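Each step along the sequence shown adds one to the number in full-length UniProt numbering, with nothing skipped, and position 6 is 6.
Note that these hints are calculated values from the structure, not bench results. A quick note: this is a predicted structure, and the numbers were derived from the prediction, not measured. For every residue, glycine included, the Cβ atom is placed at its ideal position computed from N, Cα and C. Each hint should be verified, as a subset may be incorrect.
What the hints assert, rightly or not - If you anchor each label on the Cβ, the simulated ranges turn out as follows:
id, residue 1, residue 2, range
1, D93, L114, 31 to 39 Å
2, K46, K68, 27 to 35 Å
3, S83, K2, 30 to 38 Å
4, A128, S59, 16 to 24 Å
5, C7, T122, 17 to 25 Å
Unchecked claim - Calculated lysine-lysine pairs in the DSS-like style (CA-CA distance at most 30 Å, straight line):
id, residue 1, residue 2
6, K68, K43
7, K46, K2
8, K120, K68
9, K18, K2
10, K120, K43
11, K46, K18
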Amino acid sequence: MKAKCLCGNVSLEVEHDKHVHACHCGMCRTWGSGATFSLIAAKPPKIDGEANIARYHSSEWAERAFCKNCGTHLFYHFLPNDSYFVFAGLFADNADFKLEEQIYIDAKAPYYELANDTPKLTEEEFLAQFGSE
Numbered sequence: 001m002k003a004k005c006l007c008g009n010v011s012l013e014v015e016h017d018k019h020v021h022a023c024h025c026g027m028c029r030t031w032g033s034g035a036t037f038s039l040i041a042a043k044p045p046k047i048d049g050e051a052n053i054a055r056y057h058s059s060e061w062a063e064r065a066f067c068k069n070c071g072t073h074l075f076y077h078f079l080p081n082d083s084y085f086v087f088a089g090l091f092a093d094n095a096d097f098k099l100e101e102q103i104y105i106d107a108k109a110p111y112y113e114l115a116n117d118t119p120k121l122t123e124e125e126f127l128a129q130f131g132s133e
């Protein structure tokens, strides 16, 4: 599926399963002023307009990317396994997307609540899936 930023300088071709994940961690909330909604790419996306992308290393294990021109948040790149979490709002064709899970629910800001009935994982529960603490 094709995704693009607001100005169109960056486009991504992404294979994914249409399952949206909401992250409530403090870093994501600071970055986007609320939960982030992303799809896990089956493989690294094909990027058109790489020169227009700024990559910010937000931790030792991840980078966050945005368009240099319009500022659109593009993806979260988890470096250890080369996973890309591409933001759901970039896809015009999103009618079949479904919110599947909320993570870092224990870090969620108190001023919003998502109505979808989804699994809600704490930070500890989420990290346990990867064998981390």
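Status of the hints after comparison with the structure:
| no. | hint | verdict |
| --- | --- | --- |
| 1 | D93 <-> L114: 31 to 39 Å | violated, 22 Å |
| 2 | K46 <-> K68: 27 to 35 Å | violated, 19 Å |
| 3 | S83 <-> K2: 30 to 38 Å | violated, 20 Å |
| 4 | A128 <-> S59: 16 to 24 Å | holds, 19 Å |
| 5 | C7 <-> T122: 17 to 25 Å | violated, 37 Å |
| 6 | K68 <-> K43 | holds, 24 Å |
| 7 | K46 <-> K2 | holds, 10 Å |
| 8 | K120 <-> K68 | violated, 33 Å |
| 9 | K18 <-> K2 | holds, 12 Å |
| 10 | K120 <-> K43 | holds, 25 Å |
| 11 | K46 <-> K18 | holds, 17 Å |
Consistency with the previously given hints fails for numbers 1, 2, 3, 5, 8, ordered from lowest to highest.
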